[in-house]
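Colleague: Each chain, letter by letter, is given below.
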Amino acid sequence: MIVQTAAVENSGEISTGKLGIWWLIGSEIMIFGGAIGSFILLRLAHPDWADNAGHLSVPIGSLNTLVLLTSSYTMVKAFENVKKRDRKKICRFLLATALMGLVFLGIKSFEYHGKFSHGIYPNTNLFWAFYFTLTGLHALHVIAGITAILILWTFGLRDRLWPPAPGTGTASPGSPGPGIDIIDISNFSDPSIRGGIIRPNVNMSIPGPRWSGGGRPIADRIELVGLYWHFVDVVWIFLFPLLYLTA
Amino acid sequence: MEGNRHQARGNSAHHSHGDEKFIWKYVFSTDHKMIAKQYLFTGLFMALVGAFTAYLMRWQLAYPNTAAPGWGVVTADKFNMLVTMHGTIMVFFVGMPVLVAALSNFVIPLQIGARDMVFPRLNMLSYWVFVASVVCLLASFFVPAGASACGWTGYPPLSASQEYTGIFWGVVLWILALALEFASFTMGGINYLATFMCARAKGLTYSRVPLATWFLVGASLAFFFSVGPLIAGAIMLLLDNVAGTGFYLPQKGGEPLLWQHLFWFFGHPEVYVVFLPGLAAVLEIIPVFSRKPIFGYRTMVWSMAVALALSYVVWAHHMFISGMDPRLAMPFSITTILISVPFAIIIFCMLASLRGGSIRLATPMLWAVGFLVTFLIGGLTGIFLGSAASNIYFHGTYFVVAHFHYTFFPAVFFGGFAAIHFWFPKMFGRMYSERLGKIHFWLTFVFFNCTFWPIFQIGSGGMIRRIADPSQYRILDQFKTLNVFVTISAFILIAGQIVFVINFFWSIFRGPAAEANPFRANTLEWSAASPPPHGNFTAAPVVYRGPYEYSLPDRAEDFVPQNEPPLAQAEGTA
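Protein chains in written order, with my numbering: chain B, 1407 to 1653; chain V, 4 to 577.
Excised from the complex, chain V in its bound form (with noise of 0.2 Å):
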């Protein structure tokens, strides 16, 4: 596979990296498509981990105090535990790494046209601080009493001091892998911002880049100014954990909800850094698989800038009932309720950009539109949370959980694997398969609304968010054969995983060899190479034409590359 992609480039004579040493090719890389690739296979692991703690839960909650095969029974301590780990890992090393780090290492560079990132080696070691983060996450599993159980959003009390839940070293860790996780994507944010800044091929302007490259850098300068308090707020609890300080402990003059303010300015913005990635890669799908322009570029582009404005000042409505000052509601409900229209304006796009189009449902296509779908259900719910009238009935039950799994999972999962299949021919020179790719969507998309659908129902019915063992309250016997369904369902959406690890393994070693454009798109990485080589291009790009120019009718084919130069008589009527 290495071979060819050397023969692929032209004037390589200055450099020759055929003989490049594994430890520099693979593991300490400086190349921006290797570094994608790292993070990619790193969170597509612990994705598994994550999947796992998934499992054990739904396993207790199906039918509690039996032994889960393969661990065994989930205590109740353990069951904490598992929640804490789950929601740490699926946002923070699933989400962040396969759609901000994977895809933007990826699309940015090749997008604009640049031969790699302006700091490759920063890239580098931000991917290895990111490792470290992994490593700290993964040994708080094995220290005594085990990992953090103080919830994801690691809340004080509870986080602050051992004497709640006992544990020490599983918080400590907790704390420094989020730290170094902040380090490295702070790193990885300076680098895809500056590397957007200058490094774009001569002519894209700011209105001729991708929207996939807006929305990427768009969910990094959401991470950046919002990451900073939470980085404060962060060495606060450690010291209150090894210092004895009582910045979050009352009993020392501390305030806890300080804690839910910095955690959750934080917080919010972190729900679009890792959604605009996935609408990232939607937005890029949805012209090219239905062969039209898309609809609304600059429209997107300033309701994404709005969103991310609106994304600071809506923190507040995690927090309705608290114990925060109730004057407060009002003002973070309506800024939830604003931020809606936005998002409300590029789903309309989208939708726009669909109508009329020569639409051809292949893989990426198909998940784009099942993102389409499950995501329209979670922003749909978010209203309901977001005023704090209903927010009071529904906060702390199982209705947010099916809420913010609408968000995340259309988000990570429906939006990565749009990208995984559409760049996959991009990434790795060769073709995935379409049948499985399909199999594997639809396995997805009908057992992810089994799964989620029905806890709606449960939430509204009243079942509590984190309770180990539903069979200890009687108003939630109702419940008991909607959570079998449940679980059953989530197994098997586990279990359809399978198919696009089979899918993607065969591929990458066996699948047949892509062709620099497979998908006849217009954005300039289909003008590289499959896969692109060292320094991307064979001859630096010039950019003449938006992105999106498909089916123009004065042309023969249907799309025109952004790299192709006008036409004498194209340029008069344009």
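Next up, chain B with everything else stripped away, as it sits in the complex (with noise of 0.2 Å):
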């Protein structure tokens, strides 16, 4: 048997947080498939379901669309801004990116009150049920999309991005760019990282005097809110025709 010493197939190629993150997003793909797959199975079995769909404006929802789409377009720019390490743009992207969010839930609750105030509920028929079911799961991942880019927005204000000059501070000294996440948790020569135990952090998600998470600057989590930002997307590019455009 021949004797491999650096073996590691996919160790430094993709950080455990970007793997973590796509993992995340095939379990959502998972639950999204399950409840958009129920909807279009009694869809097809239901014919009569268009007059319900009718009721639905299909220009505010084309301007949700919109809406939505362009957020992408300005995470990628924010992530795009990381890589020149613009801080000011980074925060002005995201910001943008999280006000088109709630500028999308402000519009979908304009249409929530619209059907409320013609008596139309969840439980008014099947059709309802599906809508506010389907739409609703959407919202509240855009609330934990707006919220996780909030977060990172003041990470960016408050200049926690990076640690304070590359290549010092407590960011894992000596360590190669791609790769430091395996460090924190098999290198085992690495003073700094606390012999990959992690104290129970109670301030886990405020900005605290930390720079970096697990061995990487805080700016690499744009990448991986964006990929979430872009499935929430994507899903809604699924419900939009499946609700609106069946009529």
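Be careful, since some hints might not be right.
[As the list claims (entries may be wrong)] Restraint-style ranges between C-beta atoms, simulated for each label pair:
#	chain 1	residue 1	chain 2	residue 2	range
1	B	A1451	V	Y167	53 to 59 Å
2	V	G154	B	L1508	41 to 47 Å
3	V	T302	B	T1652	47 to 53 Å
4	B	I1466	V	A246	20 to 26 Å
5	V	V245	B	Y1479	34 to 40 Å
[Unchecked claim] These stretches of chain B come out as covered by chain V in the derived footprint (C-beta under 8 Å, 3 or more residues):
#	segment
6	1420-1427
7	1453-1464
[As the list claims (entries may be wrong)] Selected chain B positions facing chain V (in silico; Cβ < 7 Å):
#	residue
8	H1524
9	P1528
10	L1532
11	A1535
Calculated directly from the structure, the hints in this document are not laboratory data.
Think of the CB as a built atom: it goes at the ideal place given N, C-alpha and C, for glycine as much as any other residue.
Assemble the dimeric complex from its two separately framed chains, guided by the hints.
Modeller: Laid out in structure tokens, this is it:
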């Protein structure tokens, strides 16, 4: 047998954080897949639901789609500026993304309000049950995304996206760039890493005097939140035609 | 005990946790080994609750309408509740925490040579979400109208509207408990998978990963991609109960079968979620206690992959008599029979691994062999249920009850006890009592079979599941003696677990100290101290070989740990 000495196939190629987000998205796909699949099956069996779908306003739905798609664009712009290390622009684009998410929720609430005022509730019939469940579940994900984006935005405002000066400070001196997160767990010689033992930090999500998460700068999380935000966007791209355009 | 734990650590100069506060060390711990123990103890506690429900049901079936000691007469509505909670607790609150969470948490990082999980705080969060789930479920016993009585599968319309069972809060809490559990195990799953992919020791290629880790990862995968649709279904079920929607209520245009599809799309892979970790422990034990390389390493990993893929397309075999389109019966019968092929391959590989070995029947090995024997019966009776023609006769009878107890019980308890005894020295740094372990095994093995084997006969004789009072049916009078026999066996089976409890707690505190590698095994966890300190290894392990190199002819010792550097001449010949 040939002895392989450096054979951990993927260490360093993908960060643990990104892997975690992809697995999260995988599980979310199954959740929305189950809900949307159930809707499609029942929708096919009920051509009469077209009457209900006719009550939904396509212009308002389209506007909301536009808002959400644009917010994905600004999210990408924020990520682009991570590479350029432009903190001001990052903050600006993150805030724009969060605001557009809020606009999306506002328009959604306006639509909900319109339905309620016409006496349409989740228990009116099965179509509306699906409408409110699917869009409500999606709205919860939008809220989660906005929260994450705003947390990163506050990190940006307080200039906590990167360690004070590259290569110094508390973030893993002497560690190579990619693959630092691996060292967090399995490098045994790096004294800065508290031995892989993460003391329970009560201020988990509150920006404290921490310059790095898991050996990587906070700025890297913009990409992770971006991935999640795009996923939320894609879910809407499925929901919009299925609910609005099948009248 | 904690003192030597830290002495064992060599280069702990840069951090000292000897003075760690109790709350961080035992309660809100981020150490994967402590979290594993937390899951283990929670699961074993829930097993007591589950055993109590079993005791009450068996009492009612043997001695209908007499007062069960410690409770009173089991009325029909309470019987339904007990059936529901027994299934829910044993599958979701014993099988899942003990096998999936405790084993994955303890074994995966140690076997791959990692210091901890890659997301230690997420790990802690997942345990505490699970605790919230347990609290929800236990609280449901005490709300008005009691806990859910819709069956552990929660079929609507029973579960979708209060008018059928009179239970509202019980059902809502049941759904919430499952939702929290799913959230917890999704977090856990992300952690196990990411740890497995990112934190393996140098040299530990995918083809050198021990089978236990492979099968635990497989269990997480099975859970991960099946639970989503059930989460969506559970949201709809919750809304049916609290918001008056009618997803599953025919009178509101809903479709009760939709739930059955969503539930069993998860439910069948869930069988493997619980089964694969049991298999994982057994696969790790067999080579160690027969001092032989495992037979067909790659074959077994690929068989597992095939079984996982197939497990997503067999779910409707739970629904042959549900009223779904009968044309679906044939394809689902075929996939169901097909899935027995990879598992048969795995079982044959295990038998081949045993053949010609120097078998030592220590307690872990007894459990492993017991697992093989009993699970085989469960697997073979599954063929009767997997083919639609015979299923129509057997479905809904005690035959099904006997069948799934012959699959779940070996997986959860035989596999679980095998794992607990095998990794006990590593977990607690002390040895269990071999004599008590063997007594416990034989009590469990004999009375498990005495309990469940006659149930096959009762079931094929026509006793329907979930009936609260068999004395109301004249056709069941013939099974009266058999039912009493089953009940007494079940009581001895439950009482026999006291031996385990004594052994377990006595050994934790008073057992003889264990050396690092008491079973002379190869995998990386045995190169760490017993119990491993925070951070597990004193130096980064490097892996040079596969996990099952036992009894090599050119070696004096009959085992070669994975982290042992190759001899110069051995490298040339191998």
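Colleague: Honestly, which of those hints from before does the structure not fit?
Modeller: As far as the earlier hints go, 1, 7 and 8 are violated by this structure, in ascending order.
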